[in-house]
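**Student:** Sequence:
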Amino acid sequence: MMELGQAIAIAGSAIGAGIAVISGIGAGIGQGYAAGKGAEAVGNQPEAKGDIISTMLLGAAVAESTGIYGLVISIILIFANPWV
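Quick note on our numbering: the sequence shown kicks off at 1292 and runs consecutively.
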């Protein structure tokens, strides 16, 4: 049978993994907002399309890395749990 301390560690890790995955929601919202504002900026100033798109892609990459970090942390908490 499992000890109480180990059961609490596993439950806490599962809850922490769920919270870490929620960071993907923020990344998705940020990327959608950046794409919308980028399209709006290109519509207002078509001659600056290259600069606008490169800046938008850099921001999307930063937002995506946040979601990937959350996914990696949740995988570590579930499969390579350091507290068990």
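Misleading hints may appear alongside valid ones.
Stated by the list, open to error - Computed cross-link-like contacts, SDA-like style, restricted to lysine to any residue with a CA-CA straight-line distance of at most 20 Å:
hint, residue 1, residue 2
1, 1340, 1356
2, 1328, 1311
3, 1328, 1351
4, 1340, 1316
5, 1328, 1344
6, 1328, 1348
7, 1328, 1353
8, 1328, 1305
9, 1328, 1318
10, 1328, 1343
11, 1340, 1322
12, 1328, 1338
13, 1328, 1308
14, 1328, 1350
15, 1328, 1317
16, 1340, 1358
17, 1340, 1324
18, 1328, 1309
19, 1328, 1352
20, 1328, 1307
21, 1328, 1313
22, 1328, 1312
23, 1328, 1341
24, 1328, 1293
25, 1340, 1350
26, 1340, 1323
27, 1340, 1357
28, 1328, 1310
To be verified - Label-pair restraints from in silico Cβ distances:
hint, residue 1, residue 2, range
29, 1320, 1366, 18 to 24 Å
30, 1295, 1364, 22 to 28 Å
31, 1319, 1374, 17 to 23 Å
32, 1360, 1328, 21 to 27 Å
33, 1327, 1294, 47 to 53 Å
34, 1372, 1349, 32 to 38 Å
35, 1338, 1300, 53 to 59 Å
36, 1362, 1327, 20 to 26 Å
37, 1370, 1296, 17 to 23 Å
38, 1310, 1339, 38 to 44 Å
39, 1371, 1341, 40 to 46 Å
Because the hints were derived from the structure by calculation, they are not lab data. Where is the CB? At the ideal position from N, CA and C, for every residue including glycine.
**Student:** The structure should be examined with respect to each hint, and the outcome stated for every one.
**Tutor:** Cross-check of the supplied hints:
no.: 1; hint: 1340 with 1356; result: violated (24 Å)
no.: 2; hint: 1328 with 1311; result: violated (27 Å)
no.: 3; hint: 1328 with 1351; result: holds (12 Å)
no.: 4; hint: 1340 with 1316; result: violated (28 Å)
no.: 5; hint: 1328 with 1344; result: holds (10 Å)
no.: 6; hint: 1328 with 1348; result: holds (12 Å)
no.: 7; hint: 1328 with 1353; result: holds (16 Å)
no.: 8; hint: 1328 with 1305; result: violated (36 Å)
no.: 9; hint: 1328 with 1318; result: holds (15 Å)
no.: 10; hint: 1328 with 1343; result: holds (10 Å)
no.: 11; hint: 1340 with 1322; result: holds (18 Å)
no.: 12; hint: 1328 with 1338; result: holds (16 Å)
no.: 13; hint: 1328 with 1308; result: violated (32 Å)
no.: 14; hint: 1328 with 1350; result: holds (12 Å)
no.: 15; hint: 1328 with 1317; result: holds (16 Å)
no.: 16; hint: 1340 with 1358; result: violated (27 Å)
no.: 17; hint: 1340 with 1324; result: holds (17 Å)
no.: 18; hint: 1328 with 1309; result: violated (30 Å)
no.: 19; hint: 1328 with 1352; result: holds (16 Å)
no.: 20; hint: 1328 with 1307; result: violated (33 Å)
no.: 21; hint: 1328 with 1313; result: violated (24 Å)
no.: 22; hint: 1328 with 1312; result: violated (26 Å)
no.: 23; hint: 1328 with 1341; result: holds (14 Å)
no.: 24; hint: 1328 with 1293; result: violated (52 Å)
no.: 25; hint: 1340 with 1350; result: holds (15 Å)
no.: 26; hint: 1340 with 1323; result: holds (18 Å)
no.: 27; hint: 1340 with 1357; result: violated (26 Å)
no.: 28; hint: 1328 with 1310; result: violated (28 Å)
no.: 29; hint: 1320 with 1366: 18 to 24 Å; result: holds (22 Å)
no.: 30; hint: 1295 with 1364: 22 to 28 Å; result: holds (25 Å)
no.: 31; hint: 1319 with 1374: 17 to 23 Å; result: violated (30 Å)
no.: 32; hint: 1360 with 1328: 21 to 27 Å; result: holds (24 Å)
no.: 33; hint: 1327 with 1294: 47 to 53 Å; result: holds (51 Å)
no.: 34; hint: 1372 with 1349: 32 to 38 Å; result: holds (35 Å)
no.: 35; hint: 1338 with 1300: 53 to 59 Å; result: holds (58 Å)
no.: 36; hint: 1362 with 1327: 20 to 26 Å; result: holds (24 Å)
no.: 37; hint: 1370 with 1296: 17 to 23 Å; result: holds (20 Å)
no.: 38; hint: 1310 with 1339: 38 to 44 Å; result: holds (40 Å)
no.: 39; hint: 1371 with 1341: 40 to 46 Å; result: holds (43 Å)
Of the hints listed earlier, those the structure fails to meet are numbers 1, 2, 4, 8, 13, 16, 18, 20, 21, 22, 24, 27, 28 and 31, in rising order.
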